[in-house]
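A.B. asks: So the chains spell out like this:
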Amino acid sequence: MATSAMTMLDPRSRAAARGWSDLTIRNAFIIPTVAFLIIFNVFPLIYSLGFSFTDFAANQNQPWSFVGLKNYRDLLNDQRIWGNFVITAKYVIVSVGGQMLVGFGTALLLNRDFRFKGLVTTLLLLPMMMSAAVVGLFWQLIYAPTWGPINYILHLGDFGLLSNADTALYAVAITDIWMWAPFVMLLSLAGLSAVPKHLYEAAAIDRAGAWYTFTRITLPLVAPLLLIALIFRTMEAFKTFDLAYVLSVQPTTELIAIKLYRLAFQQWDTGRSCALAYIVLIMVVAITNIYVKYLNRVKER
Amino acid sequence: MSGEREMEMQRKTLIGLLAGAAFVLGNWAASAEELNIFWAEWDPANYLQELVNDFTKETGVKVTVSTTPWTDFQTKTFTELNAHGDSYDLIVGDSQWLGVGSTEGHWVDLTDFFNKNKLKDKFLEATIAGYAEYPAGSGKYWAIPLEGDVNGWSYRKDWFEDPKEKAAFKAKYGYELDVPKDQKALHDIAEFFNRPDQKRYGIALYTDNSYDAVAMGVEQTIFSYGGSLGDYATYKVDGIVNSKESVAGLQAYHDLFKFTPPGWNKAFFPENNQAITENLAAMSMNFFAFFPALANPQTNPNAKGTGYFANPPGPTGIHVAALGGQGVSIVSYSKKRDLAFKFLEWFIKDETQKKWAELGGYTCSKAVLSSAAFLKATPYNQAFYDSMKIVRDFWATPEYAELLSELNDNVYPYVVNDKGTAQQALDGVVKDWTATFNKYHRYK
Chain U
8 MATSAMTMLD PRSRAAARGW SDLTIRNAFI IPTVAFLIIF NVFPLIYSLG FSFTDFAANQ
68 NQPWSFVGLK NYRDLLNDQR IWGNFVITAK YVIVSVGGQM LVGFGTALLL NRDFRFKGLV
128 TTLLLLPMMM SAAVVGLFWQ LIYAPTWGPI NYILHLGDFG LLSNADTALY AVAITDIWMW
188 APFVMLLSLA GLSAVPKHLY EAAAIDRAGA WYTFTRITLP LVAPLLLIAL IFRTMEAFKT
248 FDLAYVLSVQ PTTELIAIKL YRLAFQQWDT GRSCALAYIV LIMVVAITNI YVKYLNRVKE
308 R
Chain Y
354 MSGEREMEMQ RKTLIGLLAG AAFVLGNWAA SAEELNIFWA EWDPANYLQE LVNDFTKETG
414 VKVTVSTTPW TDFQTKTFTE LNAHGDSYDL IVGDSQWLGV GSTEGHWVDL TDFFNKNKLK
474 DKFLEATIAG YAEYPAGSGK YWAIPLEGDV NGWSYRKDWF EDPKEKAAFK AKYGYELDVP
534 KDQKALHDIA EFFNRPDQKR YGIALYTDNS YDAVAMGVEQ TIFSYGGSLG DYATYKVDGI
594 VNSKESVAGL QAYHDLFKFT PPGWNKAFFP ENNQAITENL AAMSMNFFAF FPALANPQTN
654 PNAKGTGYFA NPPGPTGIHV AALGGQGVSI VSYSKKRDLA FKFLEWFIKD ETQKKWAELG
714 GYTCSKAVLS SAAFLKATPY NQAFYDSMKI VRDFWATPEY AELLSELNDN VYPYVVNDKG
774 TAQQALDGVV KDWTATFNKY HRYK
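Chain order of the listed sequences is U and Y. Sequential numbering from 8 applies to the first sequence in the working numbering. Sequential numbering from 354 applies to the second sequence in the working numbering.
The hints are simulated quantities; they were obtained by calculation from the structure and are not laboratory data. Take the hints with a grain of salt, since some may be wrong.
To be verified - Which residues of chain Y face chain U? A few of them, derived with a C-beta cut under 8 Å, are:
#1 420
#2 422
#3 427
#4 428
#5 433
#6 435
#7 438
#8 452
#9 453
#10 457
#11 619
#12 622
#13 623
#14 758
We put the CB at the ideal spot given by N, CA and C, even for glycine.
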């Protein structure tokens, strides 16, 4: 029934009157999308894979030559690139960890009835609706050492959280937590509201403690959605560029995406930057795969 | 009746279509007589737009000055050039782009135009070497000097002239508080005015490492101490970039950084002008192009109390300033080359150069620069003229962007984060630059 509705056109419809077959309509929707994907996604992907084995530099009108795996070898032997990866790993752990804690915590607080719940939830969602560049500029003012509110509240004097090499990365991560914890909160709220109420009632009848209820009912049932939030946020944090780029120029906040940008568009070292992009891609895919495997296991439970 | 209405409608539709077609064609015809100049987003670009309106009045050719923020300027320019795009007919490009612009075929060769118009006699020698000629001494020219610029200093004249400050300074250092006579005095004065408890600091320096800001400040100090960034002809860097003199220069810049306001780790021209307008620092490094904003009481409440000086000489009397500024080049992919040449012919005229200076642009024309009218026109023009005679610049080889990035990577952690020593930082620069020059087969 459903299939016939999909493949058959209503003979009275305007499309049928114009003589369009269902196949034509299907193609009219699918072909542009597929063409778009091939031209702007698949083709550049393959093209850049080719470039990653050459010494091509986009700002030089000179023929490139094939260098085999040299770019990959050089990059993986470069201590500075490994430094960038370590910075990125630290950033991902702090920022995503913080977002999960703050986001899930806020969702737990919001998961009850109180006045203006809708308004409060909407207000809490505002940070993630802003552009990262704007958030970066604002937080630069918030972190300003001489007159910024954070230094005033924490009595830090003129210590620059963003300008100090050791604290800059954490300052950027805190901004990212502020911006993206609402996303985790939103997904957690969806998960929390889907937990059947009767489970809590049964637990109450059995006089289960709050911690027991949380670890045996709430957490397992929300876990799949939390993991999805974790996957999205890890992928995003791994390739963060805008926020860190706007907030800080410290070498200690040079995430791998910033390094890649500089290599590709400031130094125009196209071959090497393509190779680095592929290394990053492989890493992101590998990490995501681990998560997805884990997610499937959680779902099976 | 209905037939008449239908005819009327058809007539109206036809007229509408014709009008539309005429509009499109008219626009297309007009666009053939248009020039697009690309530059960074700053006051001089606005002055240039004002100037070129005269060209439009004279010739009917519309000229648009398109701009982008400084931080994107290099990326956007080379994205366009690398794609052989013709969006821009002329580009007012940075001095260090000459190498890549000329050897990679992005800029049109202007040598004949230069010789025909005897521009070598018309423009200040340093601006021809800095903005037009590549390779150095080859007699081949790729740009017309447009905006002369050089790194200089603004200072709080009112603080310097305060009798109490003068007396205290003399008691501490044994000489009069005045515009610094050398780099040592620059350090002393910065130290003297650095009073964190009063939220007043000694000096504002360039520290931003996303483009060439920190590099300009560092190279200027290294040059002043007798150091160098290498031999631009032979690409020799070892023993030059990390020489005793270069190390002393970098050390001096690092020592000055201690007297900058808190959080001064990402400072370029807006921050350094703010240091003066917001009473943060006694002295501030900046390119002269940004001084009109300091002399204007509407943008600087301390305009009256602000003075200007050229970069002071180093311990052995070497007097150098870092070259900024840009020349205008014709993009070789432009389809309006003839029109662009016509524009340049107009731009190099004496009266155009004079008007350019009056509008606030820094002309490189010798005649205008040395005229008494120019030197007296603003409080900083004399310092500008003095500075333009002592300029030195960064590498202009095609791989300059990599060199700049490597210099930033090595020097920034030492100057700003106090990591390692000046010797280690410059040894790191030598190591990276040697690898880069090897990559481009510069040592044959």
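A.B. asks: Look at each hint and say if it fits the structure.
C.D. replies: We went through each hint and held it up to the structure:
1. Interface hint at residue 420(Y): violated, since its Cβ lies 18 Å from the closest Cβ of chain U, which is beyond the 8 Å cut-off.
2. For residue 422(Y), the shortest C-beta to C-beta distance to chain U is roughly 12 Å, which exceeds 8 Å, and the interface hint is violated.
3. This hint holds: residue 427(Y) has a C-beta 7 Å from the nearest C-beta of chain U, less than the 8 Å allowed.
4. Annotation: residue 428(Y) was flagged as interfacial toward chain U, and the flag holds, the nearest CB pair being 5 Å apart, inside 8 Å.
5. With its C-beta approaching chain U no nearer than about 11 Å, residue 433(Y) sits outside the 8 Å limit, and its interface hint is violated.
6. Checking residue 435(Y) against chain U by beta carbon gives a least distance of about 5 Å; that is within 8 Å, so the hint holds.
7. At its closest, the beta carbon of residue 438(Y) sits 13 Å from a beta carbon of chain U; the interface hint therefore is violated under the 8 Å criterion.
8. With a least beta-carbon distance of about 11 Å to chain U, the hint placing residue 452(Y) at the interface is violated under the 8 Å criterion.
9. A hinted interface residue such as residue 453(Y) counts as satisfied when its beta carbon comes closer than 8 Å to some beta carbon of chain U; here the least separation is about 6 Å, so the hint holds.
10. At a threshold of 8 Å, the smallest CB-CB gap from residue 457(Y) to chain U is about 5 Å, leaving the interface hint in force.
11. Here the hint on residue 619(Y) is kept, as its CB sits about 5 Å from the closest CB of chain U, short of 8 Å.
12. Proximity of residue 622(Y) to chain U is violated relative to the hint, the smallest CB-CB distance being about 15 Å (cut-off 8 Å).
13. Because the beta carbon of residue 623(Y) sits about 12 Å from the nearest beta carbon in chain U, more than 8 Å, this interface hint is broken.
14. Hint status for residue 758(Y) relative to chain U: holds, with the closest Cβ pair at about 6 Å, below 8 Å.
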